[in-house]
Amino acid sequence: MTTETVTAWTTRRGAFAQAASMTARSLVSIRNQPAQLVEFVMIPLMILLSVTFFMGGQMMGSWQAFLDYAGPSIIAMGLFFAITATGLGLFGDLKSGVFDRLTAMPVSRFALLAGRVAADMVKHAWSLLIVGGVAFAIGYRADGGVAGVAGAAGVMLLFLFACSWTMVLVGLTAKSEEQIQTWMISLLMPLAYTSTIFVQKDTLPEPVQWWATVNPLTSMADSMRVFLDGGTPGGELLALLGWCAALFAVFVPLSLRAYRRKLTS
Amino acid sequence: MKYAIEVRGLVKSFGEVRALDGIDLGVAPGTVMGLLGPNGAGKTTAVRVLSTLTVPDAGTARVLGLDVVAQAAQVRERLSLTGQYAGLDDGLTGEQNLVLIARLLGASRSQAKARAHELIERFDLAHAASRPVAGYSGGMRRRLDLAASIVRRPEVLVLDEPTTGLDPNSRNGLWEVVRELVAEGTTVLLTTQYLEEADQLADSIAVVDSGRVIASGTPSQLKQTVGGLVLRLRPVRPDALAQLRDLADWTIGASVREEDATLFVPVAHAGEATALMSRVSQAGVDLAAFGLDEPTLDEVFLTLTGHRTGTDEKKTEVPA
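Residue numbers (the UniProt record's numbering), protein chains in the order written: chain A, 1 to 265; chain B, 1 to 320.
The set of hints was computed from the structure by calculation and includes no laboratory data.
The structure presented is a predicted model; accordingly, all values stated were derived computationally and were not measured.
One or more hints might be untrue.
[What the hints assert, rightly or not] Stretch by stretch, here's where chain A covers chain B in the computed footprint (C-beta under 8 Å, at least three residues):
id, region
1, 53-59
2, 67-78
3, 88-100
4, 103-112
Heads up, the beta-carbon is just placed ideally off N, CA and C, and yes, glycines get one too.
Model the full structure from these sequences, guided by the hints.
Below is the structure:
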């Protein structure tokens with residue numbers, strides 16, 4: 001047998017460096033199977049195209065007017081539904097032997113979860129680039145220019161990042177894949193349809209209007225609109241940042257707790 | 001420290017099922033213990049408790065003197081697990097899997113690559129190192145899985161059914177690697193359903209059934225608990241088997257068994273075997289082969305539990 005290199009690495013990389021390794025792990029499998037790149041663009045892309053072309057005309061007179069009003073937030077909604085992938089991916093990881101090995105290693109629990117979330121964020125950013133490019137190609141233009149688009153994209157990705165942690169908790173606690181799908185439909189859909197993603201707030205029934213105001217997706221859609229229109233964001237952006245902070249503050253600790261509980265059950 | 005692994009009165013229930021019902025184990029440093037038992041005996045639960053993946057309901061488990069619950073983080077630094085289902089990422093290549101583990105353990109990029117290459121060489125995986133693990137054979141998976149467990153040399157290595165489903169050739173290869181690791185000073189706990197595997201690798205064996213240790217000792221001690229020897233008789237003409245069986249029943253009256261045209265007759269001592277042999281020659285039965293053996297661990301298990309390992313109702317796997 002050959003002489004072995006020293007394997008007692010005394011340096012211990014921090015939780016964020018470990019999370020980066022886990023992120024790379026999820027992304028490397030894309031390099032090995034590049035077809036995945038097409039797969040996760042399909043849902044947000046089809047949502048954008050079908051809603052715009054088939055519903056847009058009826059809702060706002062012409063699909064062009066609808067694309068102008070709702071295009072960016074429909075892209076956001078498509079990506080929002082895609083956060084289910086985080087829950088499903090984590091569920092699959094936990095079921096396979098990989099996470100048994102990783103959990104039995106001296107590796108930060110946070111890193112194992114955050115790596116999955118971060119990798120999915122890279123995928124969301126990719127989807128956004130492609131679907132945004134399609135929106136541009138069919139005629140969407142933002143008054144806010146490049147800076148406005150960048151601001152809106154940043155706001156959207158930040159919100160998705162915060163929401164992904166709800167899916168981490170779902171992935172850790174779900175009993176089956178079907179359960180995760182059910183959660184998605186029954187939670188994310190009503191949330192999306194009672195926000196200003198599709199409709200202007202004053203067209204909603206009175207009791208729903210209050211909810212639409214506080215709905216985090218409304219804060220996201222409104223913040224994006226302000227950026228895209230070239231305006232200066234104010235209250236809606238603060239509300240969104242508040243939502244993101246709250247989601248992190250609640251769901252990161254809950255997820256870590258659920259992870260620990262998995263060990264004692 | 002007397003024991004590298006010390007388990008006292010370990011209990012773990014899953015709902016109604018008592019997977020561990022007061023297990024006691026002691027593994028001396030630098031030795032191999034085989035945890036032997038059929039499916040559902042509680043072997044995997046014991047392994048999960050030791051590798052900090054499951055918290056027990058009662059009892060204590062110490063690894064290198066460290067409590068697996070209170071000092072779980074320190075245990076993870078020094079113990080490595082090779083689970084029953086390969087702990088590998090199917091989407092990654094063999095090399096990427098090993099690099100990931102090394103990186104998580106604190107290696108720099110170049111250290112990780114160097115260590116991965118070293119292990120790939122050692123485990124004879126060079127031809128497949130750059131292919132995704134999804135396409136690996138069972139034997140390659142197991143080898144890579146074991147390599148992943150020693151990316152950083154553990155002081156204690158836990159192997160959960162390391163050779164289940166492997167062909168004899170791959171199994172021998174894996175045994176060889178385990179022996180090397182032990183020679184280098186690693187303490188090993190391995191679970192197995194294969195008596196031969198425990199006999200081959202283990203310095204001591206604990207036989208587990210329904211969450212309890214029902215017998216323990218060295219392989220030869222266990223065989224002695226069954227007592228006696230086994231006389232093996234193979235007649236030249238297979239139709240003489242019935243006649244041999246009559247002779248054996250008349251002589252000793254013990255439960256003989258027949259396999260591959262050979263009769264296995266338990267005897268209390270060598271003298272009984274000699275007496276039977278002379279009766280066989282007096283009866284004029286020609287023997288193609290005969291011999292006096294120690295009982296196999298399969299026979300040990302039958303004696304201890306009243307059921308054979310291979311005929312357990314829940315058992316679904318086919319031994320390789």
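Verification of the supplied hints:
1. 53-59: Since three or more residues must qualify, the claim that chain A covers the region 53-59 of chain B holds, with 3 doing so at under 8 Å.
2. 67-78: Our answer is that it holds, as 3 residues pass the Cβ test (under 8 Å) against chain A, meeting three.
3. 88-100: holds (count 8)
4. 103-112: holds (count 7)
Every hint from the earlier list agrees with this structure, and none is contradicted.
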